[in-house]
Structure formats: structure tokens, C-alpha cells
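Chains as they are written, first to last, in my numbering: chain A, 1 to 346; chain B, 1 to 346.
Derived from the structure by calculation, the hints contain no laboratory data. It should be emphasised that the depicted structure is a prediction, and the values quoted were computed from it without experimental measurement. Any given hint could be a false lead.
The list cannot tell twin chains apart, which means a pair is met if one copy fits it or any two copies do.
The list that follows gives simulated cross-link-like pairs (lysine to any residue, SDA-like), each with its CA atoms no further than 20 Å apart [claimed, not checked]:
| hint | residue 1 | residue 2 |
| --- | --- | --- |
| 1 | Lys337 | Glu13 |
| 2 | Lys151 | Glu48 |
| 3 | Lys154 | Gly228 |
| 4 | Lys337 | Leu11 |
| 5 | Lys337 | Gln125 |
| 6 | Lys154 | Leu32 |
2 protein chains.
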Amino acid sequence: MENKRTEIANLGEFGLIDRIATGFSNEQKGTLMGIGDDAAVIAIPEGEVLLASCDMLAEGVHFDLAYTPLHLLGYKSVAVNLSDIAAMNGIPRQILISIGISNRFSVEAVDALYDGIRQACKDYQVDLAGGDTTSSRAGLVLSVTAIGSQKPEKVVSRAGAKVGDLVCVSGDLGAAYMGLQLLVRENKVFQVNPDMQPELPEEQAYLIQRQLKAEARTDIVHELAEKGVLPSSMIDISDGLASELFHICRQSHCGVHVFEDKLPIENLTRLAASDFGLSPLTCAMNGGEDYELLFTVAQSDYEKVNQMEDVSIIGVIREESQGKSLILKSGQVVEIKAQGWTHFKS
Amino acid sequence: MENKRTEIANLGEFGLIDRIATGFSNEQKGTLMGIGDDAAVIAIPEGEVLLASCDMLAEGVHFDLAYTPLHLLGYKSVAVNLSDIAAMNGIPRQILISIGISNRFSVEAVDALYDGIRQACKDYQVDLAGGDTTSSRAGLVLSVTAIGSQKPEKVVSRAGAKVGDLVCVSGDLGAAYMGLQLLVRENKVFQVNPDMQPELPEEQAYLIQRQLKAEARTDIVHELAEKGVLPSSMIDISDGLASELFHICRQSHCGVHVFEDKLPIENLTRLAASDFGLSPLTCAMNGGEDYELLFTVAQSDYEKVNQMEDVSIIGVIREESQGKSLILKSGQVVEIKAQGWTHFKS
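In isolation and in its complexed conformation, chain A is listed as follows (with noise of 0.2 Å):
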């Protein structure tokens, strides 16, 4: 690939936000405006509210430019965040991106970044109604505000669940975590370039892909609406299976059980926490990075959702004196601890 070069300064501001704006069209009918003018005009459907929410990605932080190709970048930047959207059982409409970028970076990286952004409002049907781009002095930094709306009464918050309420979780837990480990050990084989995208290595391909190219279980909430299922309690999972059960059990007021022979662990999971001495355990419940969606549902639901096939049963509420157990194939009974991932290190 030839590595063209072309400066952002050349460009300006106004010519970097028409070159990102070319490609982006709005599919939304309630995007009245968007990109252009001093704020996003839009309108919410009639009889739902506004689902509103913000993640900062900074480089260093939460991600490493060695290792994480830019269009794969953009794409998780976005659907991280609509993944807090679907986590309140809301549907992703718009989405607003503001960007600091230093002069390390070229047009042509800003490109492929925009394209993973446009790749995924493609994939979700959400459309780029605004933002801000600006010149930062240390590295890239990414602040998406995903917009979403769902009825009122549809809206599903941390803290419903009830005693006796089943556990769920979708799709699998850890490989995000794996594929983060795979990346950091090989990390000296990918060049320090920001243009650079690497190529993602064959071998564990599935672990990588669940590290850099995020996922929003966007279809998991439309399938729950289609079988007549509204969870009492819903959050997704990015700091940990633990991390996360815990903020459902103090927002909620409840204790819960959860069965270590239920948690879905793909084998390519356990292999490469065996290869790399870890217990797929902890990577399934302190692993993070996850963006599944962990729910919680009314035991008259079982069946519905006992017939999803990309959900897991793991568990059921208790009350808050029984705390919070994790039950080991062993029959042993322990504490879940909260690990969750912190950036703040002294």
C-alpha cells in the first residue's frame, strides 16, 4: 500500500469537515439536520424519550495505535457507544463525533478513520449528525455522544431486577480479553505508524476481531421486542462480567447467583487463557471489553428466552443478605469480587 502523505494544515478546518461529511448520508427520518450548521436538528418519534450517552476513547488509554488499525478504531468508537444505548433496551438513531487529532497525523489517517465511522453507522443505521475537529497537542482522542430513543415504558434502566429474576447474558465472555493479550504480546511485530494499519494475523483471529472491531447487541435488544421480552434490568458489559453484576445488584437493590458451568467461554478463549497461564475464569468475569449485553428477566420469560440462541442463562437474582456468589463447577461456593478495569493508576 502506498503510504500518501497529505497534512491536515493543508486542508484547514472547514476542508477536513467537508472531506469527512462526503460519504455520510443520513438514513434517519428523524435527522432533520445534521452535519453544517451550530447543532444537530432532530426529531425523537412520537411518544418515545431520548436516550443520551457519551464515552471519551484517548490514546495510551484505551487504545494503541501500534496494534489497532484507525478504520477498526473508528468503528469500535462507535459502537461502544450505541452499545450503552442498546443497554437501555433503546434503539441508536444519531450519533455526534469529536475528534483532537495532533499534526502527527495525516488526511489520509483521519480517512480511515472516518471510513471505520462510516462503516459502522452504515451496519447500525445511525447517522453522523455532528461533532468537532480539532488539533490536540498529545495524540488522538475521541469522544462520541450516541442519541437513541425508545417508549418510556420500554426503557430498561440497572435497576429493576427482581429476586428470582433469571440472569442473561448474550453472545461470549473473555475473548476480548484474549485478543487483547495476543495484541500486547505481538505488539513489537507491528510497526509505531500512525497511518499504519496492520493487517489482522490469521491465527486467533476470532479474539483479535473481538478486541479491535467491537460489536453493539443492537440485534439482541430488536429480538427481545420481537418475542414480547422486557428485561427488568439491563447493562452491557465493558468493565467485566463482575464489574458489571455488581452495579445491578447495588442499583438494584439484590443479591445474585451466577453458575461458573453456565458462562459462555469460546474454546479459542480457554486455549489462549491456557496458553498464557490465565484462568478463562477470570478473563470471562474480570476480562472486559466484552460490549455483550447482561440482562436480567422475569422466570415466566424462560422459555422465550431458554429459545434465543446467542443468549446464556447464567444465573438468578437473589436477595441482597445472600450477596453475590459465583457457584463453581466443584460445587464450591464463592464471592464475586469486582475487578473492573481502571484507567486511574498512581
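Starting from the structure of chain A, add chain B where the hints point.
Chain B in isolation, oriented as in the chain A frame:
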């Protein structure tokens, strides 16, 4: 002032979020759920559309902590975003704030930042409804999303100016730019310390305040509504009057004539400009960061707008073919050039 320093790592991310959330109360009845879940849940007033805007402020690019007290930075980060909602003739309702901070900052510094954010929320009656708090490898980055609403027929874009419309501006121009010049000159007087909150010097306090404590002119939006004036186009002046006139002319397909002797420039601005060997006219046209509103109204609204104390009528919209001209006091006609501030330097 005792310079207490508590490390953010001692609190952890959740501790920090809890600390931030303290002291914020929701005033907007539309804020159904604020901080503490995956997304904010917001009811948009019936019959109104959502307005959404976001901006990023990066250390070393948009602010210099050597002379920017953190509480004023927090205030300004909110105000400049609400200014975008005002520029659409909208009423701001909620904000979401993501911050990236390095461990150079203490908990006390974060407190100061959020003190300013809290004050702005109070002054503008908006709710802090969500956000993200993360570590950053380099300095402080703030990303604010402002959410507002308005009846669709009352939303004012940049695109509606008609030939013959009067060009109006709120407040005065160029003062924030002169404030910045003063601060840059006095830079060495202040210690570089992220925890420090320098006192404003008494001298030239107005100019420095205009730079450090930007205000969104939501009052003008309310006053226009009270008088029954709906502007034909509107924009806020963040990059300088000339640059904003260009946006209006480009998006409304028109030209403009502006009269030098009508431009609202404070005597303090003129004095400071003279002190720095600058032309007050240049400061007013290209200074930036005024965060005043530039808008156009039909000639039939002349009486109403003329009665508004803090609004000046500075020109008239012309045919696109007549270009963009500044009529000097001498009668000389000069072409307006947009020299908006650009953050991208090669």
C-alpha cells in the same frame, strides 16, 4: 489557600464519578434519568425537536492552564456549547460531559473544574445528565454535548437570510480576543500548576473576563421570543465576526454589507488594542471567542430589534453577486476576508 492534593487513583473511577455527581441536582422536568446508568433518559417537550451539539476543548490548544482557572474553564466549556444551542434559537436543557485527565491533576483540581460546570448548569438552568471520566496520557481534554429543544418552526439555521434583511449582533466584539492578548502577555506572572486558580487581575478585568468566562446569550433567544421576532438566520460568533458572516452568506447564498461605525466595540477593547498596536476593527472582525449571536431579521422587525438594549444592527443582507463588504467610516468599501482561527498548524 492550602494546596491539598488527593490523587485520583485513591478515589478510583467510581469514587470520582460519585464525587462529581454530588452537588448536581436536576432542574429540568425532562431529565427522567441522569447520571448513573448506561444512558441518560430525557423527555423532549411535546411538539419540540431535539437540538444536539458537541465541542471538544483540549489543553494547549483551546486553553492554557497557566492562566485559566479550572473553575472558569469548567464554566466556559459549558457556556460555549450552550451558545451553539442558542445559535439555533433553542432552549438548552441538558449537557453530557466527558473529561480525560492525566494523573498530573488532583481530585481537588477536578473539584474546581466541576465547581465551574455546576455554576454554569445553575446559571443556565441545564442538567448534567451524563458523561464519562477517563484518564488521559497528556493533559486535560473536555468534550461537552449540549442538548436543547425548540418547536421545529422556531429553529433558526444559518441558511435563511434574505436580501434586505438586517444583520444584527448581540453584545460587543473583540473584547475576548484582547483579553487573551493580555493573558498571554502576563503568562509568566502566573505559576504553571494545574491545581492553581489564579485570581483575575483587577486591571482590564472586563477583557479578561470576556476571554475566561464566556457566556451563552440564551437571554437574547428569550428576548427575541418575547418581542415576537424570529430571526431568518443565526450563528454564534466563535471564530470572529468575519468568519461567521461567511458561513451565513455561504449557507444562505447571499452577500452582506456591514458598516464599521455600527460595530459594537467597547472603549476598553479599543484602548487595549491600541496598547498592543492592533486595529480595533481587526479585533472585532477576526478576534473570535466572543460567543455573541449574529443574526438576521426582516426589515419589518426593525423597530423591535432596535429597542433591544444589547443588540446592534450592523449591516444588511445583499445579493450574493454583490459580495461581502465592509463600509469603513471614511466611506471606503473593503472586501471582508474570513480569517477565522485555525487550530491546525503545520
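Hints and how they fare:
1. Lys337 <-> Glu13: For Lys337 and Glu13, only the inter-copy Cα distance (16 Å) is at most 20 Å; the intra-copy one is 47 Å.
2. Lys151 <-> Glu48: both (4 Å within a copy, 16 Å between copies)
3. Lys154 <-> Gly228: Within. Shortest intra-copy distance 11 Å satisfies the 20 Å Cα cut-off; inter-copy 39 Å does not.
4. Lys337 <-> Leu11: between (51 Å within a copy, 18 Å between copies)
5. Lys337 <-> Gln125: Classified as neither; 37 Å inside a copy, 40 Å across copies.
6. Lys154 <-> Leu32: between (25 Å within a copy, 13 Å between copies)
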